[in-house]
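> Each chain, written out:
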Amino acid sequence: MADFTFWIVVGLTLGSAFMVVQSKNLLYSAYALLFSFIGVTGLYVFLWADFIAVVQVVVYVGGILILIIFGIMLTNKITSVNISHTSVQKGIGTLAVLGIATLLAYMVFSTPWIELANVEQEETTASIGRLLMMDYLLPFEAASLLLLGALIGATTLSRKED
Amino acid sequence: MDSLTNYLVVSVVLFSLGLFGVITRRNGVAVLMGVELILNSANLNFLAFARFGGMNMAGHVFALFVIVLAAAEAAVALAIIINIFNNFQTINVDEVSDLKQ
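These protein sequence lines are chains A and B, in that order.
Using numbering that gives the first Met the number 0, read the first sequence as starting at 0 and increasing by one per residue.
Using numbering that gives the first Met the number 0, read the second sequence as starting at 0 and increasing by one per residue.
Calculated directly from the structure, the hints in this document are not laboratory data.
Keep in mind it's a predicted model, so treat the numbers as computed, not measured.
Hints are all accurate, no fakes.
Covered by chain B, according to a simulated footprint, are these stretches of chain A (three or more residues, beta-carbon under 8 Å):
id	region
1	26-39
2	50-63
3	90-103
4	114-121
5	137-148
In this text, a Cβ means the ideal position worked out from N, Cα and C, and glycines have one as well.
Please take these sequences and the hints and turn them into a complete structure.
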């Protein structure tokens with residue numbers, strides 16, 4: 000049963016991701032991206048990453064996707080219902096991407112990965128918090144500085160010049 | 000489902016689709032969507048290796064930082080795209096090649 004659910008989630012993720020890069024309508028791409036993010040969240044749950052799964056829903060679905068839809072709405076005139084978008088150089092692009100995908104898949108299948116047997120499932124939130132406040136305190140502070148910089152930068156860039 | 004290669008293959012396909020979007024899309028926002036797919040595939044790799052390497056929490060912390068960077072990147076990129084739209088009335092990245100109008 001869990002196996003079946005896993006492949007459903009994989010199908011949702013990859014099918015929606017295909018829609019994102021294939022759809023002719025920009026808004027349809029954005030909505031397909033929503034389902035792709037939700038599918039990736041499901042995969043995180045299968046990987047026992049409960050905290051990251053919740054963060055994924057909050058930040059990606061609740062934040063980044065809303066930003067992207069705002070971007071679409073602000074850069075297309077609502078009156079002209081022309082939010083179709085096209086692709087260029089599909090032939091060369093497909094060839095290059097297929098080549099890269101083949102190389103990566105070959106690497107995945109030819110490497111003898113070491114998988115630890117009988118790993119204990121544990122709750123991740125407490126240990127992530129401990130790691131963030133002890134081992135990774137400096138990157139944590141740097142990330143907060145980066146977010147502040149991005150906040151100020153985005154506001155400065157997008158306001159009207161006087 | 001309990002195998003590292005399954006997740007790695009899903010991640011490879013997700014990365015390839017994102018890369019395809021980045022190199023073939025004309026619309027700037029659609030290029031940004033491709034970048035988000037690539038970041039998601041990287042995160043999937045981090046968490047898969049964390050899970051099959053004995054619940055190594057460093058992978059989870061790194062995935063958290065990737066999500067933070069993705070949020071910052073999306074905010075700044077969309078501000079830039081809106082500026083481009085105000086200057087050029089288009090956000091097709093192949094038409095926006097002039098340094099000034």
